[in-house]
Structures are given as structure tokens and as C-alpha cells.
Amino acid sequence: MGLLSDPNRRRALTTLLTRLNTPLCVVCYLAGVAWFMGLAFQPFTLRTYMSENAMGSTMVEEHFPAGERALAMGREFSAHKKQAGGMPVDWLVKAMQAKGLEVFTQSFSRTLPFPDENKERYMVRGTNVYGILRAPRAPRTESLVFSAPCSPQGNDQAVGLLLGLAQYFRGQIYWAKDIIFLVNEHDLIGMQAWLEGYHHTNSTGMSWTPLHGRGGSIQAALTLELSSDVITSLDLVLEGLNGQLPNLDLANLFYAFCQKINVLCTIQGKLQRNDWDSVAGYSHAVQTMLLMVLKQASGRPWGDHGLFLRYHVEAATIRGINSFRQYKTDATTVGRLIEGMYRKLNNLLERLHQSYFFYLLPSLSHFVSIGYYMPAFGLLILIPLLRALDLWVQLEGAAPAAVDGLVDGEQPSSPGFLSVMTPVVISHLTGVALYTLPVLAQQAAVEHFPVSETEAVVLTAIAIYTAGLALPHNTHRVLSGQGTEEGWRVLKLVAVLYMAVLLACTALINFSLGFILALTLVPVAAFITPHVPRIPSALAMVLLSPACTLLFSVFVYQELQETPVSLLDGWSLFLSVISQGILDHNLYGSLVYPLISLLVYPCWLLLWNILFWK
Amino acid sequence: MTSRRCILLSVVLLWCITHASSEKQLKITEDKNKPPTDVDRSLSEKSPEGQLHAQKSEETRDTSKAEPDQAEKAKSEKQFASKEADVNRDDISDQQGKGVNDEAEFKRPLAKDQFQEELVIKPLPSGDIYSSFQFRTRWDIDFFQPGKKVSHYRLFPKSLGQLISKFSVRELHISFTQGYWRTMQWGQPFLPAPPGAELWVWFQDTVTDVDGAWKELTNVISGIFCASLNFIDTTNTVQPTASFRSLGVGNVTDQKFLRYALLPREIVCTENLTPWKKLLPCGSKAGLAVLLKSEKLFHSSFFSQAVHIRPICQDWQCRTMAWELRQTLNVVFDLYTTGQNKKEWSLFKMFSRTLTEACPLASSSKVYIDVTDNPQGELFELHPSSATLNQAVVLGDRRTYAVYDLKMMDTFGSLRTLNIVLRWKTSSGADMLRPLLHGERYVAGYGLQTGEIHTLISNNHPYRAFPVLLLDVVPWYLRMYIHTLIVTSKALPNKPSYIHYQPSKDRVRPHLLEMLIQLPPNSVTEVTVQFERALLKWTEYTPDPNHGLYVGSSVISGLVPSVVAMDTNSSQEYPLFSTFFPCKEESSYFVRVYTEPLLVNLPTPDFSMPYNVICLTCTVVAVGYGSLYNLLTRTFQVEEPSPGLVKRLANVIRYFRGVPPL
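Taken in sequence, the protein lines are chains A and B. Using the working numbering, read the first sequence as starting at 973 and increasing by one per residue. Using the working numbering, read the second sequence as starting at 2 and increasing by one per residue.
Keep in mind that the hints were calculated from the coordinates and are not lab data. Possibly wrong hints are sitting among the right ones.
Said to hold, decoys possible - Which stretches of chain A does chain B cover? Using the computed rule of at least three CB atoms under 8 Å from a CB of chain B, they are:
| # | stretch |
| --- | --- |
| 1 | 1101-1114 |
| 2 | 1141-1149 |
Said to hold, decoys possible - One-sided and incomplete, this derived list gives chain A residues near chain B with beta-carbon spacing under 10 Å:
| # | residue |
| --- | --- |
| 3 | R982 |
| 4 | T1173 |
| 5 | L1183 |
| 6 | G1185 |
| 7 | L1320 |
| 8 | L1321 |
| 9 | R1323 |
| 10 | W1364 |
Model, not experiment: these values are computed from the prediction. Cβ coordinates follow ideal geometry from the N, Cα and C atoms, glycine included.
Could you put the whole structure together from the sequences, leaning on the hints where they help?
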């Protein structure tokens, strides 16, 4: 650091940094993106391997024989479900009791902040039924959870298999942990109610009846979704609430058993390809990884397992997929796979902790660990820092000039605390409005406009978002003086540093979200000044704003899912995604909506302010 | 006349107990009375310490009589505590009563020690089978007679005898349990025990260094039973004030001499069973103990073995002391997993052995089968059927037992072997039970910083409220916020009438919380207290830190109204004259319920390579950040090189001349 304390060398270095600032930023951006795309290239990634010794070398054998009986039970369940018009609680309680479980029920109710049009629900009332298989000679300190959602459309086979496995597990003697068989109604809402009841917390204002049977601390959980008697492949869903992922060993376990039992397994619905060196193979891996990034960035639970992760319970959803492939797998095999996984989980001495918690999966057999993907983000986040340094140096250079010019200047204290703070405060207030108003004002909106509640919420959100764009003019009206050259520099310095910290923190928790936001926000932050041509820059800024990022993400996601949508469909999807985001926040405590509205959007508004600096 | 004498006797005896009951006083009372008749003897014989039975029948007067005497210590808690202890004794004596009813019992053998063995088999409502063994060795000797050293042992195990005399133990209770007693499925056990190892000891009041004796004693017991009791130290030892009263004769109430410790993580296996079996006079060679095959016992849903040593009265007059060693073993077999779904059981299937003889050293050897639910044989069929039926009130419920006396040769039949077979006729999935007193505990909340311990105590009695004592021992690494302690019943605050709280000291002693709570009828009482998880030093973590650390079961003890007293329709079976006033003897019974232990995760560093990497990276970042911060905050000035000597001289001269310096 002697290099920097020498004023001459220091000056040389700063001039170098300021002069080469723009090329450096461009290089960093390109390098960051290139690094990220390189992550999917197989030679750069690591093979997955089982880290947990307790699950690694120990042999378990799978004997589950009763797939057909399980499917019959599923059909019976389906019939009773139709009869009851919902969860057939009594039948299920009896069925579980007959299997020798301790059976308990929990009823819950929740009124959504506004109707959920995707799932067509508003006032939700339901019952969870769960049975506990007590492990012999275990003191009720540890348990595993196996759940199957009871949904109006399908999934009866999963419940049947759950009952079949419960019966089979009951006859085994090797259990060391209690196993909780849970059938939850209203998918995530029921799961949320059950988990809150189990841990006796109430973070989302749901009302539920307390649970009476518990099995100690839950070590791992699996959710099964099956909607046909035979399947072609099993899909593993890992992304949970707020982009949390279960320990990689859980994915490894699933993969290992799929290999052992010879079941096709996919992740993000994509089969693994062996031709990594071909372009097609590479782009396949990129697509898989991008899908994971998009799903993770959304911060919503992509299966019922997603809510377990908050409670530090490693969980995943296994989803049976029936496509037109020749090779079919029957329920017995799926049962054996799950049996094997539970037997290995039963062997666990500690919680799953050996393997990675932060990873991306370009395929089930390869993974990118946090040490590999973070540099991509680091390169992106370097740009605002370089910009900040540049601004700092410029401001420092300007300061002596200002001291000289003090004689003639009537200007109040040059950068003006007020002139910086006003936009900061106002844009954050806009953020608060964006966060609170849509839900609060839905009633008023419904009264005055011919729209449904859901549309009212979404459209209010979009309206507030757009209204925020008019802020710079209004801000300046509030401000006493004119904006100075120095004023916008200070404001930009604040905005750029703010953004860097914000994105860095986001990326630590949810890499994907941080990376996607950085991808669009960083260029804005880098080039924006009041002196660039206003109209095209404004257009570019709007296109790179968080809302448009979301819109693009919707299109990219659909593209990657191989279900491309038209512009109009995309727009309606975009609207529903916004409403889902707000609902996720209200129902499960997802943090993406508040993050965007309270922090990211105001940050972007600051930059918008700079563009319109007078 | 008899009844009047009985009342007089019991009142005096009660008085003796409430005061320090010295043997002299007992002698005086005995002198006042005439020699007891047979009825009296049989009454007093039922309970190990003759006077208690009489006291029991007087419990209605207990409070009114005792209060003036105890005026100085008239706290209701204390009364409760002493009552609880007494009834605890009754509880055991009731079970004992099953075995001691026979007339043959009273012909005491000439030898001063005797041995009894019994096995109770109870088909549980859930369809499982509960087998409870009890082996009782009684020795009419006083270990602490001055000047006399006990060195000749016959039936009483020498290792335990020496332990008693060396450490001046008054009472010792140790249990090793694998599994959790499922009250909701199985009802109440005869002898409750928490998962893991539990040890509580009352020392003689002559012991000066109780902690030292306790430390040594735990190590010695650890050796005797091949268990890790040496992990008992000050951080998990407490001195409960009310929950664990002494069960033997004598009236020590100063908890200074009591030590209680619980090791919830102790795993119990054959290595603990073998030394336990060796304490039996017949070992596992003869008698009921031949059934104790470890491969079968550990293939069960619940296994608990225990040793209880206590002083008792030698006879009903209680002039001299005797010692009682009770070895108990409780095991619950799972019908389903081991029986291939067939509900048929026999001694052979359970234990892979049949009975062929009683232990020759035993004065009584019996097998009891609970046939209460099966009066006409509609539920299950018992073969060979027993002619002898025995009724007893066990845990507040009137039960009927089929008795097989192994001392009688005809019990074994022509095959010279006894294999009791139990064949179920119906197979019904049983509903959950609603035991009158039930406890449950869990950790609430998420994250690794704070949490909340919830203890739920349910009173399922339809109309009677009763108080219970709750004992909670929480290790120091859960820092309990005692100001957050909330007790609610039916959503209303429930103020405990007695709270004893001893705060923890880091790395020295645990939290101890004892409360006397009144449970309203048909309610669930919830006790919640918040805690913060401590960050341990890195050497203090267990080898498997991510497994979590255990918090032992909390103990709920109380007098529970008996089912028999609740039952008003029993008049068909029993004579009318016997049922008008609720019989006080059976009106309530002592129950101790253990909740499940807790497994709590503490904030744990990643004890692996990435941890080192993070440490290293943080250091590097800190150094880098430090220098950068230094650069950003420091102002730099170009320093003039110091002037040479000549220039300084010139400046001095110029100063004097009044010219500006160079």
C-alpha cells in the first residue's frame, strides 16, 4: 500500500483509473457475463458427489412391493375426495390409523389480501392430516417428513403412494427417526399453516389450530407430486422460498437413487445430455442453468418443500412427469426410490450440512459452487465501484476549484445536503407507496374502475411505478435552487454506492436475483449523467428498469420452458407474476416484492433523477 | 374397637411423620396400643413402611390436623410436597400389594433377607404388549449401625451394599431407558422413566461433602452399569426442592442432600443390561430372569431398566430399618412389526424362552396378566387359563389380574413348562387414549438465535382440578429469559402458586425451574419461556455439533384423581354399602410424567476446510480494508525536508536582524 500513500504514484494511479474508467467498466461487464455463461460449460464445473458419510457408503436395499395397492388406495382417496369436495379428512384419518400411525389433524383458515386468480381462491379454509410413525426406542427428538399435497386436480397417486409407504414403513424395524406422513390441503397455504403450527410461529397472520403430535426437530423432508399411474421421469425441484436451496447432498441422494433404480431423472424438466462438447449440449446446459437462475431469482417456493427451508429443514419436491416417452416407470419403482432415500436419511447422524448450500445446477451430475459463480457477480459489481471511485476523484478535483470560486459564488454549501437528500427521501417514499398502496387501495380502485380486485392491485402497482417516473420534475419543484454540476455527481456517487451495497447483499442471500438485477441496473448506473441525450437514454433506462427486467424474465422463462408466448400472453403473464409476487410476500413472507419496491426501485429512481438533473 | 384403634394409631403415626419421625416416638405409640390383630398386620404389611397405609386412610383429616402443627411452615407447597412423596410411596406399595396379598407371604423366612420376583404382562389398548418385571430383594440390616461393618452378603448384591455404606447413601434411584413412553397410546406406566439415564440420590444427613460424594458415586455407578454416568457433573446436576421427595422411611426434606441428574442422550443397550442382570440372586439362570434375552428385549418399542434402593421399616412397628433393592425392567413389544401382522402372543414369542421354574432363592415368584378388559374372554383368549384372579387398584384404576404362581408345581402343567399364550379375537385400530395427566414439550421458533420452549400439560379430568409440580432443568447454553415465563390455561393467565428458580451459571450449573401449577379441569396448560442460544467455545462442541444438543425431559409430578373415584356406576359389581362415600384410599394416586427431551441446534461453525478459508479470507479482507480505509480518511501533505544546519543558523541570525527567514 506504499504505492497508494505516495502522492505522486497515487495521482498517476487515479488518473489511470479515471482515464481508463469506461473501457475498464465495459471489460468488467463483458467478463462478468462471459464468466457466467462459462459456468454451464462442463469442464469448468465439478461433478456432484455425496459428501455426507452417513449416506454415502452405507448400503440400503429397497423392497417396497405394493405399488399397485398404493395406486388402488390413491383411487379410493380420489373417490372420497370427490365425495367430500375437498380433503376427505375422516377417511384419511381412518386410513392412516389402520396403517398404525398416530394421526392428528390441523385445520386452518386464511383470507388472502386479494383473490388469487391463478388458483381461484380467496377465503381459504382447509384441514391438514398427518400421521406419525413412531420409531421404536427413539425418544421423539428427530423426525423426517414425507408429504403429498391434496389438490383438487390430481395428485391422488401421490397420496396413495404415501399411504402405501406408510403401511410398509410401519412393518420395518430399522427406523431411528419418527416419520411424519403429511397430506396438506391447499398446497402451500396448508404447508405454511402446518409448519407454523409445528414450530409455533406466526409470521403471516394465518389462523390455525395448534398441533398435538410432534416428532422433535425435523431433519429432512420430501414432497411427492404424482398425477399418473405410470411416469416417464422424475423431476427434482429444489428452489425454495427467497431462493433458498436445500443442501446439495439431498440432490445427490436423489440422483444416486435414480441411477441405482434406473429411473430417468430431470432437473428443471430437462434431461441430462452427454454431449457436453457440442454446441447443442452446451446450450442445453446453459438453458438448464438459466432456468434455475430465473426460478431462484423469483424467490417463490416452486414446490411445497420450499417453505421448509426457512426452518432449516432440508427439503425437495419430487415430481412425476408422464410424457410420450416409451420407457415407463411404475409406482412400485417410485416407492422403492423413496424408500431408499428415507432409509438413507434415517441413517443420518447429523443434519445435512456437509455439502454445499449455495450452488447452481447445469445438470444433475454437475454443479457450480458459490466459489465459481461469485466472481461473475464480483466483476459486475466492480463497475459501480469503479464509477464511484471516478466520481470521488472528480469531486475531489472540483473541491479546490470551489474553494477558489468562493469569492464570487453566492451558492449555498456547494453539493448541498438538501439537494442530495431530497431525491433520496422522495424516491424512497415512492417505494413505500409502491409497497403499501396496491393492497390498501384495492377497495377504492375497485369502486372507481371496472376491474377485479386482483387487476386493481396489479394495475395500481404499475400506476405507482409509472408515476414515479414523473418524480424528477416534481422533486425539483420542491427544491429551492437549481441542480448544480456537483450536485448530480454527489447524488450519483450516493446512488452508485447504494446500489453496489444493495446488490452485493442481495447476491449473498439470493445470487440469482442479485445477478439478474446487476445485469440490468449496472449499465444504467454506469452511463447515466445529465449530459447524455435525453430521449434515447430515458428509453434505455426504462427498458433496463426493474419492471422491464421482470417482463424480459417472463419471456425468457417461457422461451426456456419451450412454451413461447405471444406479446399479449406475455403481458398477461407479467401481470399475474406481479400479483403472485405480492401474494407470495403476504402469504409466505417472500422478500422479493419488498426488496424491489422498497430498495431497488428507489435506487433506480435516483439514477432516473440524475438523467433529468437540471 | 378395631377401627377406633386404627384411627388413633394412624393419627399418632401421622403426627410422628409430620414431625421428625424418630424411632423412639414410634416406640411410644406402639406401647400405647395393644398388639395388633391380623387385620392390622395385613393392612400394614401391604405397604413397605407400615404406617403409611394408615395415614392414607386419614388423608381427609391430614390437612386439618397437620396445619396447626405446621403453623410455622404453613406453605401449601410444602404440604403438597410432603403429601406427594407419601402417595408416591403408596403408588409403589399398590403395585407391591398385588404380589403380597397372599397369606403365605406373612410367614417370614428365618433368613434376614428375602427375594421376590414378579412379571406383569398387560395388553395395551394400542395392541402392544407391556411386560414389567420387578425383582425385590429385602434385607433386614442397617448399613449404618455404629461400630458394625456389614461384610457378609447373601442375596443383596455386594457391589451395591458397599456403595451404600461407602457413600452414605440414603436412597438411590437410577433408570436407563431407551425410547419414550407413549402415554397417549399406552396409558400410564407402572414406573415412569425419562429417555436416557436418570439418577437421583438422597444422601444421609451425616455426609459433609455432598458434591464430592456425588461425583465419586456417579463414577462408581458408571462402572457398575457400564454407562456414561461419568458425564454427570455440576452442569447437569440440580437439587430439586419439591419434585423428588425421598420414598423410603425417614423424613429428610433438606434438598441439600438430594442430587438429581439426567443424561438424555445416554444410549441403553446390552452392556447395561448384563450388569443389571448380574445383580439378581439367580442371575439369568433361573426364575423369571431367564426371559431377559437381550436380543428380544432390544427388539421392542420401549425398554427401561431401573434400580431403586431405599430404606424401609423392618416390621410394621418400624423399630429397625431394613433395606430394599428393587430392580425393575419394563419393556413394550410391538405386535405389528415383529408379529407379521398377527395378533398372537406368547411368552416364547416375546422372549424366545418359556418358564420352567421359579428362582429357588425367591420367596415368591408370580406372573400376572392383566385381564381387566377381557372379563368374558371376548377380546382375547389366554392359555393356559389361570384359576386365580386378583383384583387390585393400580394407578387409580381397578384392575383384574390372572395370577400364575411359579412356586406351585401345577402351574407348569404336565409339560413342566409354562408358556402363556395370548390370542386376540378382534383386531381393532385403537383410538388415542386420553390419560388424565399428559405432558408434551417442544421448541418453537426458527433461526439460530432465539427460541421458545413450550410445555403443554393437559388435565383431561372432566370436572376436577388438581395441582402438579413441574420441574424443568435446562442446560446453561440455552439462556432462558425467565421474565418471559408465561403460564396460561384456557387462554387465561394461570399464576403458579410456587416458583423456585435457580439461574444458570455459564459452564457451571444449569437452570432449574420448579413450579406448582393448578390445572383446571379438562384443559391444557401451556408454559412458555424464551431462550437465547449461546455461542459455545469451539472446544465445547460435541464431536457431532450439527446433530444438536439435548435438553432433558421435564418432570411433571402430581396427585391425579383416580378413575375409580370418578366411576359412579360401579355399584353393580360391588356391594352397595362399600360405594356410597368415595373411598379415600383410591381417590387419587401419584403420577409422574416425563415429557420428551428436546434436540436443540446451536449456532455451529462449519468445522471444515471452508471454515478456515473463510477465516483466512476475512483476515485478508480486513487487512485490505484497513489500508484502504486508512488511505481514504488520511489527508496527505508534502512534508518540507528539514533545513540543513547552515540554513538554520542563517535563520537564527536573520531572526535577530528582524529579517524574514529563508
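Hints and how they fare:
no., hint, result
1, 1101-1114, "holds (count 8)"
2, 1141-1149, "holds (count 4)"
3, R982, "holds (8 Å)"
4, T1173, "holds (6 Å)"
5, L1183, "holds (9 Å)"
6, G1185, "holds (8 Å)"
7, L1320, "holds (9 Å)"
8, L1321, "holds (6 Å)"
9, R1323, "holds (5 Å)"
10, W1364, "holds (9 Å)"
In this structure, every one of the numbered hints holds.
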